[in-house]
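**Q** Spelled out from the first residue to the last, the chains are:
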Amino acid sequence: MSEPHKHQQRSDGQKTPLRLAIVGHTNTGKTSLMRTLTRDARFGEVADLPGTTRHVECAQLFVDGRVVLELFDTPGIEEPIELLALLDEQSRSGSREPGPQRIDRFLASSPASHQFEQEAKVLRQMRQCDAALFVIDARDNVLAKHRDELAVLNLCGIPLMPLLNFVADDVSHEAAWREAMAGLGLHAIIRFDTVVPPVDGERLLYGKMASLLDSHATELHALVESHADDARQRRSAALSQIAALLVRCAGLRRIVDVQSESDLESAAHTLNTLVRDWEQRCVSHLLSLYRFYPDELASSQLPLVNGRWQTDIFDPDTLQEMGIRVGGGAAAGAAAGLGVDVLLGGMTLGAAAATGALIGGGWQTFRHFGEQLKGQLTGAKQLRIDDNILLGLAARECALVIALERRGHAARTRTNVDGEQESKLSAAMQSTLPKLLRVARRHPEWAYTKEGWESPGFTAQAEQVAKEMADKMPDLNEPR
Amino acid sequence: MGSETKRSGFAGLWLAETLRVINSVNADWLNHKAVSQVRAATPDNAPQTLAVNWSLSVAERDGLVQDQLRWQRRAVLFLMIGMLLSLLAGFTGAITMLDSQQGVVNIPWSLSAILGIHFLMLLIWIISLFIRSDGAWSGRLLLSLLARLRGHHGAELAQGFVTLSQRNKLMPWWLGSVSQLVWLAGLLGSVLALLTAFSFQYYSFSWETTLLPGSVLQWLQESLSWLPRILGVSSDTLTLADNGTGLADEERRAWASWMIVVVIMYGLLPRLLAFVICLLALTLRARFAKLDLSHPYWQRVLGICLPTATGGRITDPAPDALVSARFAQPEGVFDGPDAAIRFELDASQTSEELRLSAGQIREVDTRVEREEELHWLKATRPKKLLILCESGNSPDRGTLRWLTRAGACAGKLGIFLMPPQTGQQDRQVIWRQLLTEAELPEERVMTDWHQVRQWLQPEAGSSSWQEESQGNV
Ligand SMILES: Nc1nc2c(ncn2[C@@H]2O[C@H](COP(=O)(O)OP(=O)(O)OP(=O)(O)O)[C@@H](O)[C@H]2O)c(=O)[nH]1
Ligand SMILES: [Mg+2]
Numbered sequence: 001m002s003e004p005h006k007h008q009q010r011s012d013g014q015k016t017p018l019r020l021a022i023v024g025h026t027n028t029g030k031t032s033l034m035r036t037l038t039r040d041a042r043f044g045e046v047a048d049l050p051g052t053t054r055h056v057e058c059a060q061l062f063v064d065g066r067v068v069l070e071l072f073d074t075p076g077i078e079e080p081i082e083l084l085a086l087l088d089e090q091s092r093s094g095s096r097e098p099g100p101q102r103i104d105r106f107l108a109s110s111p112a113s114h115q116f117e118q119e120a121k122v123l124r125q126m127r128q129c130d131a132a133l134f135v136i137d138a139r140d141n142v143l144a145k146h147r148d149e150l151a152v153l154n155l156c157g158i159p160l161m162p163l164l165n166f167v168a169d170d171v172s173h174e175a176a177w178r179e180a181m182a183g184l185g186l187h188a189i190i191r192f193d194t195v196v197p198p199v200d201g202e203r204l205l206y207g208k209m210a211s212l213l214d215s216h217a218t219e220l221h222a223l224v225e226s227h228a229d230d231a232r233q234r235r236s237a238a239l240s241q242i243a244a245l246l247v248r249c250a251g252l253r254r255i256v257d258v259q260s261e262s263d264l265e266s267a268a269h270t271l272n273t274l275v276r277d278w279e280q281r282c283v284s285h286l287l288s289l290y291r292f293y294p295d296e297l298a299s300s301q302l303p304l305v306n307g308r309w310q311t312d313i314f315d316p317d318t319l320q321e322m323g324i325r326v327g328g329g330a331a332a333g334a335a336a337g338l339g340v341d342v343l344l345g346g347m348t349l350g351a352a353a354a355t356g357a358l359i360g361g362g363w364q365t366f367r368h369f370g371e372q373l374k375g376q377l378t379g380a381k382q383l384r385i386d387d388n389i390l391l392g393l394a395a396r397e398c399a400l401v402i403a404l405e406r407r408g409h410a411a412r413t414r415t416n417v418d419g420e421q422e423s424k425l426s427a428a429m430q431s432t433l434p435k436l437l438r439v440a441r442r443h444p445e446w447a448y449t450k451e452g453w454e455s456p457g458f459t460a461q462a463e464q465v466a467k468e469m470a471d472k473m474p475d476l477n478e479p480r
Numbered sequence: 001m002g003s004e005t006k007r008s009g010f011a012g013l014w015l016a017e018t019l020r021v022i023n024s025v026n027a028d029w030l031n032h033k034a035v036s037q038v039r040a041a042t043p044d045n046a047p048q049t050l051a052v053n054w055s056l057s058v059a060e061r062d063g064l065v066q067d068q069l070r071w072q073r074r075a076v077l078f079l080m081i082g083m084l085l086s087l088l089a090g091f092t093g094a095i096t097m098l099d100s101q102q103g104v105v106n107i108p109w110s111l112s113a114i115l116g117i118h119f120l121m122l123l124i125w126i127i128s129l130f131i132r133s134d135g136a137w138s139g140r141l142l143l144s145l146l147a148r149l150r151g152h153h154g155a156e157l158a159q160g161f162v163t164l165s166q167r168n169k170l171m172p173w174w175l176g177s178v179s180q181l182v183w184l185a186g187l188l189g190s191v192l193a194l195l196t197a198f199s200f201q202y203y204s205f206s207w208e209t210t211l212l213p214g215s216v217l218q219w220l221q222e223s224l225s226w227l228p229r230i231l232g233v234s235s236d237t238l239t240l241a242d243n244g245t246g247l248a249d250e251e252r253r254a255w256a257s258w259m260i261v262v263v264i265m266y267g268l269l270p271r272l273l274a275f276v277i278c279l280l281a282l283t284l285r286a287r288f289a290k291l292d293l294s295h296p297y298w299q300r301v302l303g304i305c306l307p308t309a310t311g312g313r314i315t316d317p318a319p320d321a322l323v324s325a326r327f328a329q330p331e332g333v334f335d336g337p338d339a340a341i342r343f344e345l346d347a348s349q350t351s352e353e354l355r356l357s358a359g360q361i362r363e364v365d366t367r368v369e370r371e372e373e374l375h376w377l378k379a380t381r382p383k384k385l386l387i388l389c390e391s392g393n394s395p396d397r398g399t400l401r402w403l404t405r406a407g408a409c410a411g412k413l414g415i416f417l418m419p420p421q422t423g424q425q426d427r428q429v430i431w432r433q434l435l436t437e438a439e440l441p442e443e444r445v446m447t448d449w450h451q452v453r454q455w456l457q458p459e460a461g462s463s464s465w466q467e468e469s470q471g472n473v
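If you're matching them up, the sequences are chains A and B in order. Residues 1 to 480 in full-length UniProt numbering are what the first sequence spells out, letter by letter. Residues 1 to 473 in full-length UniProt numbering are what the second sequence spells out, letter by letter.
Since no wrong hints were added, every one of them can be taken at face value.
Derived DMTMM-like pairs (lysine to aspartate or glutamate); straight-line CA-CA distance at most 25 Å:
(1) B:LYS378 <-> B:GLU439
(2) B:LYS290 <-> A:ASP230
(3) A:LYS15 <-> B:ASP316
(4) B:LYS383 <-> B:GLU437
In short, the hints are calculated from the structure, not lab data.
Work out the full structure: start from the sequences and follow the hints.
**A** In structure tokens form, the structure reads like this:
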């Protein structure tokens with residue numbers, strides 16, 4: 001395939017996908033960009049060292065299962081000055097040649113398989129692509145080697161689109177780069193950061209590309225739309241997952257025959273452990289939903305999250321930090337260091353009977369109240385998860401979802417779940433969520449059935465809770 | 001993958017749903033090879049097919065396919081036992097009923113005993129088809145039935161079966177087909193009983209009533225004969241008798257076969273019809289059955305099987321080894337004055353701390369500057385050469401190559417890494433690493449001005465720099 005193949009019709013009538021080379025100086029984040037654009041944290045190899053990528057690797061982007069875009073990760077260019085010198089030398093005999101011809105001559109010459117083997121791979125790939133993204137580390141000064149590099153790449157005769165990477169960093173020479181690009185007639189510059197991708201970064205990137213590459217505009221817009229769709233679906237699936245956790249936790253209860261304080265404590269401990277396990281499971285589900293890898297997590301214990309994440313949800317301080325006041329029913333539990341609602345059977349029966357639970361709940365409820373009644377007679381107590389803890393759980397998981405949504409797949413450090421976000425969410429849901437979950441309180445069977453065994457009632461309740469959370473979450477495209 | 005083809009259609013969906021119920025997240029999710037196999041098996045990338053194929057590959061590995069087959073066999077066995085019991089019940093019921101009548105079969109009584117409940121239940125079933133329900137009731141019923149089919153993953157298989165059937169409104173049809181089959185067996189038992197009894201015993205027939213007027217019996221007989229007559233079984237010769245004593249042999253034989261035909265026509269046939277309808281409805285609905293792909297579980301699975309992107313196809317492999325530049329021991333005599341180079345430095349990056357006169361520090365960036373500098377170094381052959389590098393910029397092969405070439409033109413090469421800006425401290429470490437890998441002695445890489453000044457001190461005798469630097473300290 002030495003022909004640069006430009007949007008030909010394939011035999012099956014489908015357009016060939018747009019082929020886009022990701023090129024640039026070494027260590028500017030090309031492979032990281034691939035990871036972010038493909039949402040694949042395992043793509044290629046990313047390291048702080050230069051010359052990490054030494055091959056050309058292709059990734060395909062799909063819309064409805066059809067390839068619309070092929071991205072090619074290339075090795076970083078490392079000797080542009082010497083390469084341009086060689087190219088100049090090679091064409092001194094036949095001056096005023098078109099660029100692609102010079103590149104092809106270079107590719108056929110022997111240095112292309114020796115000193116400039118890496119550079120040759122880049123150029124060879126560019127000759128087969130429709131366009132290239134030139135990735136720039138915006139923190140770098142504009143140096144002679146960069147200018148020579150651009151000169152070489154420009155010889156390939158395909159549109160070159162500069163992408164300023166690392167824009168979330170403090171240090172930036174953006175203005176200098178813009179000026180340098182403008183000098184070469186490149187005005188459509190994309191600002192990006194692979195670790196903290198801008199909210200609409202992808203939309204802008206593909207949008208600008210579409211305006212540059214007319215014939216592929218439809219596919220690129222379809223790609224943008226399909227990604228936006230995916231994001232919405234992911235969000236709603238994530239919220240269902242969290243809602244299921246909350247509904248199950250709300251139904252959780254345990255009747256303990258209290259002989260001593262330690263009985264209560266050990267029972268509460270069992271409940272706490274259970275909820276923590278569930279939460280952990282929910283977190284790993286969320287991670288895999290957002291294509292962050294749970295097995296990477298296991299090795300270093302939730303590396304995506306640190307700090308407050310590891311603090312215990314049952315710690316009253318954690319709740320305080322989230323801006324949730326621990327009071328009322330929780331006080332009794334919190335006093336014992338439990339964070340679990342302790343109720344006398346009778347009290348709950350009274351309240352639940354008044355709300356007509358007995359009529360609505362059917363047999364299960366009746367049997368359950370029978371137990372409570374018995375509990376009251378024998379002095380047994382009932383433990384359940386306090387409203388505030390449920391609220392805290394909800395806020396924490398939702399904040400995690402937001403963090404995952406905003407995390408680039410090239411990120412290599414842990415994510416901090418935003419504490420401010422968490423308190424904002426819990427404040428927003430404070431008045432509605434516990435009330436909603438009250439229905440679930442009457443269904444201990446929801447808590448104890450296995451995950452995945454949703455009865456119609458459970459599903460309906462979880463849907464409501466998910467909707468409530470969706471209302472309180474910031475919009476997907478909301479700027480940070 | 002033999003069983004994969006076998007487990008297509010509903011069975012495949014059912015396996016998938018069961019896996020959702022089991023709901024385990026394990027490392028295989030990320031097994032790229034398995035995923036690519038699944039993708040290869042699903043050329044059209046239909047999400048549901050992908051989900052099913054993925055489930056099949058997991059189920060196959062975990063032995064769930066075998067569990068399902070065993071479960072199905074057990075279910076069929078249970079059904080057959082049920083049918084057998086029903087057959088026996090039908091048989092003994094009919095025999096007992098005939099026996100209790102001591103030789104004279106009261107036809108309306110016997111027929112209503114055999115067909116009455118059957119008619120009633122059939123009616124209820126038909127009515128229930130028109131009642132809209134969320135299937136929760138029938139689901140619970142079926143689940144409690146299926147729960148008896150234990151076995152490995154039995155409960156999950158049952159739950160998967162029920163939820164899948166509920167979502168796709170298959171539930172009434174499943175229950176329907178099972179009940180039709182059981183009834184069929186029961187009625188077959190009754191027919192067999194009639195046949196046996198009429199073959200080996202002497203019976204006479206009568207149409208008896210206490211309350212009803214005779215015309216009702218007349219009407220009953222005529223209307224019951226309607227269907228058999230259409231199908232060519234005639235009852236024209238039959239007359240209504242008050243008590244069976246006066247019947248001729250032929251008449252008795254005719255009544256006996258009429259009764260059997262009526263049971264077949266109004267018992268077996270409608271049940272068979274209902275069964276066929278259930279079966280048709282099942283196959284039709286099962287063909288369009290769907291998983292709830294919006295469920296978080298499937299979203300996760302699809303995120304892996306139908307990624308919005310796939311990567312990992314290497315189109316141009318890496319070379320075995322890269323030629324990299326090395327710092328070599330320079331050869332020859334170097335007696336020129338010490339020199340310093342600001343390599344690729346921005347004007348804003350000051351190097352005042354060096355305190356040399358301006359002429360001794362040269363800026364190098366472009367190709368021309370690089371070449372000129374090498375010429376100059378070759379001409380002057382400095383004793384010591386200090387190169388100041390921007391540690392915020394990433395080192396690269398070209399830079400290293402030029403540094404080695406410059407190093408070869410001086411007696412001793414020292415490299416100073418300019419203090420990095422915030423956020424770029426890591427790069428200094430990389431510079432160090434690469435320079436040492438290129439065999440530059442570690443102590444020649446400097447990051448602090450004091451170190452530089454010390455390094456520039458002449459070991460013996462004096463150099464052109466000595467006075468200046470001492471004077472400035
Ligand atoms: N903070 C930040 N770090 C980034 C960004 N992009 C890349 N990095 C980091 O920069 C380093 C190099 O990234 P790579 O993706 O390996 O760069 P590359 O261009 O593929 O490098 P080579 O393959 O060696 O040419 C890694 O440590 C990345 O984590 C970014 O936008 N922001
Ligand atoms: Mg790379």
